[in-house]
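Peer 1: Keeping their order, the protein sequence lines are chains Z and A.
The working numbering puts the first residue of the first sequence at 38, with every later residue one more than the last.
The working numbering puts the first residue of the second sequence at 38, with every later residue one more than the last.
There may be inaccurate statements among the hints.
When chains are identical, the list treats them as one kind, so a pair holds in a single copy or across two.
Heads up, simulated SDA-like pairs for lysine to any residue below, C-alpha to C-alpha not over 20 Å straight-line [to be verified]:
| id | residue 1 | residue 2 |
| --- | --- | --- |
| 1 | K77 | L108 |
| 2 | K48 | L131 |
| 3 | K128 | M91 |
| 4 | K113 | E97 |
| 5 | K56 | G101 |
| 6 | K48 | L60 |
| 7 | K56 | K73 |
| 8 | K128 | L92 |
| 9 | K96 | D84 |
| 10 | K73 | I122 |
| 11 | K96 | Q78 |
| 12 | K77 | E127 |
| 13 | K48 | P104 |
| 14 | K56 | Q78 |
| 15 | K96 | G52 |
It is worth saying that the hints were derived from the structure and are not from the lab.
In case you want the letters, here they are:
2 protein chains.
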Amino acid sequence: MRQQDLEQLRKEVDGLNVKILDLINERTSLVKKIGKVKEKQGVNRYDPMREREMLNFLKEYNEGPLPNGILDEIFKGIFMSALEIQKDEEKNALLV
Amino acid sequence: MRQQDLEQLRKEVDGLNVKILDLINERTSLVKKIGKVKEKQGVNRYDPMREREMLNFLKEYNEGPLPNGILDEIFKGIFMSALEIQKDEEKNALLV
Numbered sequence: 038m039r040q041q042d043l044e045q046l047r048k049e050v051d052g053l054n055v056k057i058l059d060l061i062n063e064r065t066s067l068v069k070k071i072g073k074v075k076e077k078q079g080v081n082r083y084d085p086m087r088e089r090e091m092l093n094f095l096k097e098y099n100e101g102p103l104p105n106g107i108l109d110e111i112f113k114g115i116f117m118s119a120l121e122i123q124k125d126e127e128k129n130a131l132l133v
Numbered sequence: 038m039r040q041q042d043l044e045q046l047r048k049e050v051d052g053l054n055v056k057i058l059d060l061i062n063e064r065t066s067l068v069k070k071i072g073k074v075k076e077k078q079g080v081n082r083y084d085p086m087r088e089r090e091m092l093n094f095l096k097e098y099n100e101g102p103l104p105n106g107i108l109d110e111i112f113k114g115i116f117m118s119a120l121e122i123q124k125d126e127e128k129n130a131l132l133v
């Protein structure tokens, strides 16, 4: 495989990065909507049971090459970030 | 918004989780290929400059709602995981 092929592979990685980011943004919008519904219902936003279920489902679905241990870490980061965003927004709302 | 709508939103999140995982797996396969090319070239796999470039590109491209600080954390995790997988495989290769 030559340098040119390496460049091609890198372009493919760049394309995937963008697609992954688009989906994480889409996910973030949905989680914000869910947060608003829960707020109206007076329910706690953070739901460790639901998080556990999502992780278990993904690990069962996963056929690699990503190992489940690393899947766990990445998705915990994605789940956590959605909560962080909501916390920040609440903080900003309090400051207004 | 009713409970039924909440269920619908959750199903959409579940669908996105799977799509994100599929893309991360696709990305992992590509990075493994790149690692093999670099190995043949005798070049170090870890390239902090390339990582910086990818992150800068993504942060410029990003229009939210994901804040760039959290984007940074998630993608550093994704980049790191690709390296971890390669390290594990090398370790296993040594054990064979």
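Peer 1: Hint by hint, say whether it matches the structure.
Peer 2: Structure-based check of all given hints:
1. With identical chains, the CA atoms of K77 and L108 are never at most 20 Å apart, being 32 Å at best within one copy and 28 Å at best between copies.
2. For the homomeric pair K48 and L131, neither the shortest alpha-carbon distance inside one copy (43 Å) nor that between copies (31 Å) is at most 20 Å.
3. For the homomeric pair K128 and M91, neither the shortest alpha-carbon distance inside one copy (27 Å) nor that between copies (31 Å) is at most 20 Å.
4. For the identical chains of this complex, K113 and E97 are intra-copy neighbours only, at 16 Å inside a copy versus 24 Å across copies, given an alpha-carbon limit of 20 Å.
5. Taking the closest pair of Cα atoms, K56 and G101 come within 20 Å of each other both inside a single copy (19 Å) and across two copies (14 Å).
6. Taking CA atoms no more than 20 Å apart as the test, K48 paired with L60 passes in both settings, with 19 Å inside one copy and 15 Å between copies.
7. With identical chains, the CA atoms of K56 and K73 are never at most 20 Å apart, being 26 Å at best within one copy and 24 Å at best between copies.
8. When the C-alpha separation of K128 and L92 is checked against a cutoff of 20 Å, the pair qualifies neither within a copy, at 28 Å, nor between copies, at 27 Å.
9. Taking the closest pair of Cα atoms, K96 and D84 come within 20 Å of each other only inside a single copy of the chain (19 Å); across copies the shortest separation is 29 Å, beyond that limit.
10. In this homomeric assembly, K73 and I122 come within 20 Å of each other (Cα to Cα) only inside a single copy, at 13 Å, whereas the closest approach across copies is 38 Å.
11. In this assembly of identical chains, K96 and Q78 lie within 20 Å of each other by CA distance neither inside one copy nor across copies; the values are 31 Å within and 35 Å between.
12. Taking the closest pair of Cα atoms, K77 and E127 come within 20 Å of each other only inside a single copy of the chain (14 Å); across copies the shortest separation is 51 Å, beyond that limit.
13. Taking the shortest alpha-carbon separations for K48 and P104, neither the intra-copy value of 24 Å nor the inter-copy value of 24 Å comes in at or below 20 Å.
14. Taking CA atoms no more than 20 Å apart as the test, K56 paired with Q78 passes in neither setting, with 33 Å inside one copy and 29 Å between copies.
15. When the C-alpha separation of K96 and G52 is checked against a cutoff of 20 Å, the pair qualifies only between copies, where the shortest distance is 14 Å, while the shortest distance within a copy is 25 Å.
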